[in-house]
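These protein sequence lines map, in sequence, to chains A and B.
Each number in this note's numbering comes from the position in the first sequence (counting from 1) with 1 added on.
Each number in this note's numbering comes from the position in the second sequence (counting from 1) with 777 added on.
Possibly wrong hints are sitting among the right ones.
[As the list claims (entries may be wrong)] EDC-like mimics (lysine to aspartate or glutamate), calculated; alpha carbons at most 16 Å apart, straight line:
hint: 1; chain 1: B; residue 1: Lys939; chain 2: A; residue 2: Glu202
hint: 2; chain 1: B; residue 1: Lys836; chain 2: A; residue 2: Glu246
hint: 3; chain 1: A; residue 1: Lys274; chain 2: A; residue 2: Glu246
Source of the hints: derived by calculation from the structure; they are not laboratory data.
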Amino acid sequence: MYQDNIYHFIIVTILLLLISSYILIGFVIFLRIINKYRIKQKTLFLNNWESFIFSFLENESDPKDLINRIPKRKFKYLLEYLKEFLLSLKGEDFNKLTSLINKTILSDYLLKKLNSKNKKNIIFSSFFAGVSGIEKAEQLLKEKIRIHNQQIFFNCSVALAKINSFSSLELILHEFIKYNNLGNDYLLLILTEYDAKICDEILKILVEEKSTSLVTTFLRVLRYYKYRGAGPFVLQIIVYTHTKEIILECLKFFEEIRYEPATSAVSRLLEHKFPEIRSQAIKTICKLDNKSFEEKIFTKLLDDVYDVQYQAGLAMIDYYGDGESRLEELAYSIQKGNSSAISRMLLSEKKVRDGK
Amino acid sequence: MNILSYIIILYNYLLLAYSLSIGTIYLLLNALSFARIVQYKQKMTYTDLKKIFKFQNYKPISIIVPAYNEENTIVDSIKSLLQLEYPDFQLVIVNDGSTDKTLEKIFTNFSIRQVSFIPFYELHSKPIRTVYMSHEYPTLVVVDKINGGKADAINAGINIAKNPLITVIDADSILERDCLLKIVRPFMENENIIAVGGTIRVANGCEIIHGNMINIGISKSWLARFQTVEYLRAFLFGRNGFDVLNSVMIISGAFSCFSRDALINIGGYKEGSIGEDMEIIVRMHDVFRKVNPKSKITFIPDPVCWTEAPERLKILRSQRIRWQKGTIDSLRLHMKLLFNPKYGALGLIGFPYYVLFEMIGPIIEITGYFVFFFAFIFNLVSTSFAIAFLSAVILYGIVLSILSVVLEELSFKRYPKLSDLFILFAAALFENFGYRQIITWWRFKATIEYIFGDRGWGKMEKKGFSIRTEEQK
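Chain B extracted, bound-state conformation:
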C-alpha cells in the first residue's frame, strides 16, 4: 500500500470517529435537555403566570420589529403583536427603507401621526427619517429610516425604545399570546440574566388567521416536514442542552429578549453582520463574562414563536447558506473564546463544539463522502467497514431525530392529531436519506464561498402567512 492509501484509510477512520462523536455529543445533549425540560414542564404546571405578574415585579418591555418589504404581513403582524399578554409594553416597528407599501399599509390601518422623538442612545444606525405614533394604539411607535439592513434597523429601534427590556421579533413571526410573560420570567428570577431566547417552531401547515395561530398542524410539503423535525432537534435538544452548560451560543433572531443596558454596553448589533443574532450573543459572552462571571444568557424551552419555513429548495438553499456564513463570521470574530477557560464551559465545550462541528464540520463531512467513495471504489476499505460507516452515520441520525419527536410528545405535545405524530416520525426517518446530505452540501458550499471572500448573504423571499392561509382555503 502506498502513502496515499494509508492517508485515505486514516481519513476514513477519522471520519467515522467524527460521525460517532457528533452523534454521541447530541445524545449527551439529549440527556441534559430531557432532564431540564421535564423539570421545566413540572414547574410550569404550578406557575400561575398571570398571578405572578399581579405582584408587579416585572420590567416593561419594548418590542422591536425590523420590517423590510413586509407589505404582505405587516398589518396582521402588528395587530397580532398588539394583542400580546403583558402588562406594560411598547411596540416599535422599524421600517427599514422598504421599497414596497409597508409604510403605507401601516398609515392606512393604524392612524399614525408624526411625533418629535429623538433617539435616547447613539447606537450606530442609518438616519431616521420620521417617528410616528398611533392615536388608536398609543403603545405603537413606527420608525421610518433609511435602509441599512436588519442589524441597523434593530439598533435604530433600540435608540428609540423607552423600556428596560428589549424584545426583537421578526415581522413575519407568529407569537403565542403569553410569550412575553414566559420570556421575561428568567429576568425576574435572576438579575444576572442579560438575554433570553425562546423556542421557534415551524408554522407551515398551521392555520393562521390575521397573524394569530388558530390550529397547529403539519405541512403537506416534505421539505417543511423535514424542517419541522430539524427545528425540534435544534431547539428541544441542542439549545436546551447547551443552556444547562451555560453555553448558549445563539438565540434566534425571530424572537429574543435582552436587557437594554446590556445591549447599549456592547454597542448594539454589529453593522453589516451576516448572522447578527449569533454574533451579538457571542459578543455578549465575550464582554460580560469578563466583567461578571455570573452573567447568563439563557433559553426557555416553551414553543413561543412560530415561523415560516421555506418550501422551495432555492429559498431553503439561500437561507442555509446565509446561516452558515453567519455562523462562521460570528465564530471567526471571537476566536479568543476557543479553549479559553476564563469563559468556563462556553470556552471549553460550547465554542469548540461550534468550531468543530458547525464551522468546519461540513468540510469534513463532504470531503469524507468523496474520500470514502474513492476508497470503496478502489477497494481500500472492506465492505464490512463501508456498511458499518454508512449505518453508523444514518442510524445515529435517525435515532436522534426520533428522540426529538419523542421528547416533543412527552413534553409539550403541541401536535394534537395522531396522524401528525406519525408524519413527524416518518419525517424523522426519511430526512436522513437525502435532505441532510443536501443541507450539508449547501453548508459546505457556503463555507468555501466564505473562505474565498464571498460573504454576501443573498436574498430571502417570503410568501407571508396571510397569503398562504388564503391559498389553503
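One chain only, chain A, in its complex shape:
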C-alpha cells in the first residue's frame, strides 16, 4: 500500500510536469500567433501610411500634420518602423524623422511610456527619447537608471548619453559599478554615445579615479575620440603607474594619436617585465619614431616570448627599409628557434602580399 502511494505520487508529479509542458506548448504557439498578428498589423500600417511618411520626408510639411492623422493606437507600429531608419540615417532626413517625434504628440506618448513601470515600455521609449533628444525625458531617464535592472540601466544610460547629459555621467558610473555582469565594454558603449566633449569630463574624473577597470575604460574613450589634449596627462599616468592594464591602454592611446612627446617613456617599456607591454611598446614606438629604434627592435626578435618576437618582426618589415634583408639573414643563415620561424613566415606573407 505504502509502495503504491509512492508510485502514485511519482506518476502524479510527472503527469503534472507533462501537463505543464503542454501548457507551455500552448503558450509558445499562442505567442507565435500573436506575433503573426502583429506582423500583419504592421504590414497593414505600412501599406496605409508609408507613402505619407516618405512624402513628409520629401516636402517641407509640418510634422504635426502627419502625426495628428495617424490613430494613436498605431503609434507603436510607426515608431517600430521609424526605429530602423533612425539607426541608419544621418543628416537632414534624420533630423526630419526626429522632428516627427520631438515636435509632436509622439513625445508625450513616449514620455508616458517612459514613466510607466513596465520594463518593455521603458526600454522601448528610452531609445526614441535618446535618439530624438526629448528634453523632458532627461529627468525621467535619470530616475529609471536607479531602478536595479540591467536592461533598463543600459538603455536609459545610452539615451542619456545620446542627449549629451553630462550631469548624468557621475550617476551612470555610480550605477554601473553595481552590475558585476556588465563588462567594461558596455560602459564604453555608453560613454561613446556622448559626443567628443565627454573627453573633457573624463579627464576631470580620471585625476581622482583609483579603479583600474574604470581608468582603462576612460583611456579607451580618449583613444576612441583621438583626444590629443589628454596627451600630457596620459604621459603622467604611464610614468607613475605599475598596473599592466593601464600601461597597455596608455600605449595604445599614444599609438592612436601618435603622441611623439611620449617616445622616451615608451622606449623604456621595451624592456618591461610583462611581454604584453613589450609587445605593445614595439607597436607604439614604431608609430612615434620609426628611425631611432631599429637595433633595439631587432634584438626583440630574440625575446623569450613569441608575441614579442612576432611584433618585432612585423615592425622590422613594416617600418625599416633594410628590415626585410635583416629578417632574411635571420631566417636562412642560422636557425634561431622561433625567430627564424617568425622571420620566414613574415617574409612569406610579404611576398604573397606583394605578388612575388
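Got chain A sorted already, so can you dock chain B onto it with the hints?
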C-alpha cells in the same frame, strides 16, 4: 522468495531511482540554463558587437580546419570561412594526408603557392610535407601533412598558427557569419577564460548554398528530426546548465575556441585519442584548475555552428559508438578528478555526473530493461510498479525534450515556420519510443567493447552539404 528475487526487486528499485534522479538532474539543469539563457539573451539585445570590435580590444584568431577526404565540401567551406566577420583572422586548413582530391581542389580554387614556413611550436604531430599560402586570399594557409588523425592534424595547425586565439572547426561545419565575434567575447570579458564552446545545431533540412546558411528548416528524415531535438536538449540545457556550475566537460570539436598559450602549455591534443574534443577539455580542467583556480572553460548559448547529422542508422550507430568510447576514454584518463574537492563543482558534481550517467549509465539502463522484463514475466513486480516505472522513464523523457523545444522557442526562435515547431514537438514526443532506446543500446555496446579492449573509433561517412543541397533541388 529466494535471494535472486530480492536482488531483482532491489535492482528494479535502484533502476527507478536512477531514472528519476537523471531526469531530476536534467530538470535542475533546465532551470539553471533557463535563467542563464534569458540573461544572456537580454544582454545580447543591447550588445553592439560591431561597435565593441571597433574599440580594438580583441585578439586575432587563427582558425584551424583539419580536413581528411573532404573533397565534396572543402571549397565551399573555405569560401564560407573566408567570409566570416572578424577584424583579424588567419585560416589554416590542414590536409591530413587525404587520399581523395581535397588538396587538388584547394590548388585549383585558391591559387596557393608553396611558402617556407617552419613550425613555431613542437606539439606532437606527423611530419608536415609542405605549407602553402594563397595569393588571392592572403589570410589562407594550407598545411599538407602525413595522415595522423584529427588530433594530430589540429596539433600541426597549432604549430603553424600565428595568432593568440585558436579556433578549431570541422571542415563540414557551417558557421554563422558573426560566430567569431560572439565566441571571442568571453575572452575579452574575462582574462581567466582558456576555452569557449558554442552551440551546435543540426543543419539537415536547412537550405545551404556554397557553404552559407540561407534558410533554416527541419529535415524530412525522422532520424535527423530526433537528433535536432537531442542537440537542443544537450546544448541548450545540458551544457548551459553545467556552465553555470563552471563544470563544462566537453566542447564540441565542430566549433571551439582556445587560448593558444593554454593549448601549448598542456601539450596540445592527445595523439590517438578517441574523443579528442572531450579529452582536451577534461585535461585543461585537470592542469589549469590547480595552477589558477579562477581559470574557466565556458560556453555561449548562441547557435553559432550547424552540422550535418547522420540520416542513416548505420552512420549514426558508428558516430554514437565513437562518442561513447571517447567519453569513457576521457573520463578514465582523468579519474583523479572524481569527487576531488580541489576541482570545485567540477570534481564534486560535473565529473561524477558524467561517470554515473554517461559512462556507466548505458550499462545500468540496458541491464535494467532485461531485469525488469524478467521480473515482470515472473511476477516479481506488480503491474502497478511496472506501469509506474515505464511511465516515469518515458514521461520524464518527454517532458525534458518538450522543455528544450520550448526554451528554443522562447529564446532563439531559429525555426521560423509554425509547422517546424509542431514537427519539433512531435519529434520530442516520439523520440522516447524507440530512438532513445536504440541510442542507449549502442552506447551499451560501445561501453562493453571498450571494456573488452576494442577501442577503435570506426569510420564516419559524410555526404557533404553541397551535394545534399543539389539533390534537394
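Does glutamate 246 of chain A sit within 16 Å of lysine 274 of chain A, going by the straight-line distance between their CA atoms? Holds. Lysine 274 of chain A to glutamate 246 of chain A sits at ~13 Å (cutoff 16 Å).
Restraint status (C-alpha distance of lysine 836 of chain B to glutamate 246 of chain A at most 16 Å): This hinted pair holds, its Cα atoms lying about 15 Å apart.
Could you grab the alpha-carbon distance between lysine 939 of chain B and glutamate 202 of chain A and see if it respects the 16 Å cut-off? The given pair, whose Cα atoms are some 40 Å apart, is violated under the 16 Å limit.
In summary, the structure is inconsistent with hint 1 from the numbered list given earlier, while agreeing with all the others.
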